[in-house]
Amino acid sequence: DAGVIQSPRHEVTEMGQEVTLRCKPISGHDYLFWYRQTMMRGLELLIYFNNNVPIDDSGMPEDRFSAKMPNASFSTLKIQPSEPRDSAVYFCASSPHSGGVREQYFGPGTRLTVT
Amino acid sequence: TQLLEQSPQFLSIQEGENLTVYCNSSSVFSSLQWYRQEPGEGPVLLVTVVTGGEVKKLKRLTFQFGDARKDSSLHITAAQPGDTGLYLCAGAGETSGSRLTFGEGTQLTVNP
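So the protein sequences, as listed, match chains A and B. Its first residue numbered 51, the first sequence is counted upward by one per residue in the working numbering. Its first residue numbered 16, the second sequence is counted upward by one per residue in the working numbering.
No lab work stands behind these hints: they were computed from the structure. Just so you know, not all the hints are guaranteed correct.
To be verified - DEER-style ranges, computed between Cβ atoms:
(1) Lys118/A / Glu56/B: 19 to 27 Å
(2) Glu133/A / Lys74/B: 41 to 49 Å
(3) Gln95/B / Thr165/A: 33 to 41 Å
(4) Glu53/B / Asp107/A: 24 to 32 Å
The C-beta atom is built at its ideal place from N, Cα and C for all residues, glycine as well.
Make the full structure from the sequences, and use the hints.
Encoded structure:
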């Protein structure tokens, strides 16, 4: 079975440019999560969706960040305009609906560098 | 806000040694998970514990959930270089919906 797929794996861009990160969750999973990981702050939840609907976006840093999930098999995280402090590894994870246990399956991540 | 504190933050040991990593909180969690992350990859789920006092074993790894469901530990017996990685605990709060609270992680290095 294919796991969570993320693209691109690496992105280097200049400050002010728009960045779009992509994620394909595991088929049949109802939940999709976007995280950001840095050495200073660890793994931070940015936003999560249930059945394609955003449920909690309280972790989104500011208006420069937006996320969409147009269908059950695709989600994007967009940063516009990007800033050097956005440099981090961004992970997408998906989770099946299985009672009260929320086991998450992570993609390989996108390493973003903003210069 | 629920917080999970992991200790130690860094651990460097020799192959064959035993070690324990701790995950503590003042909050009660309905379940707690342990993940391992290797460089350049995403975290991979190792185990989920849901019952206070529960103990689960995965080969040389032993996971325990505290009786009050506020803390957990991971014990590795006879560590091997392949155990090297970042170990993360993550708790599901009783009222936090589907979101997990992650600890900051323990970076383990096992030297041959």
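These are the hints, each one checked on the structure:
Checked against the hint of 19 to 27 Å, the pair Lys118/A and Glu56/B passes, with Cβ atoms roughly 26 Å apart. The given range of 41 to 49 Å is respected by Glu133/A and Lys74/B, whose C-beta atoms sit roughly 44 Å from each other. Under the hint 33 to 41 Å, the C-beta atoms of Gln95/B and Thr165/A, about 39 Å apart, fit the expected range. Against the hinted window of 24 to 32 Å, the Cβ-Cβ separation of Glu53/B and Asp107/A comes to about 29 Å, which satisfies the hint.
Hint compliance for this structure: no hint is broken.
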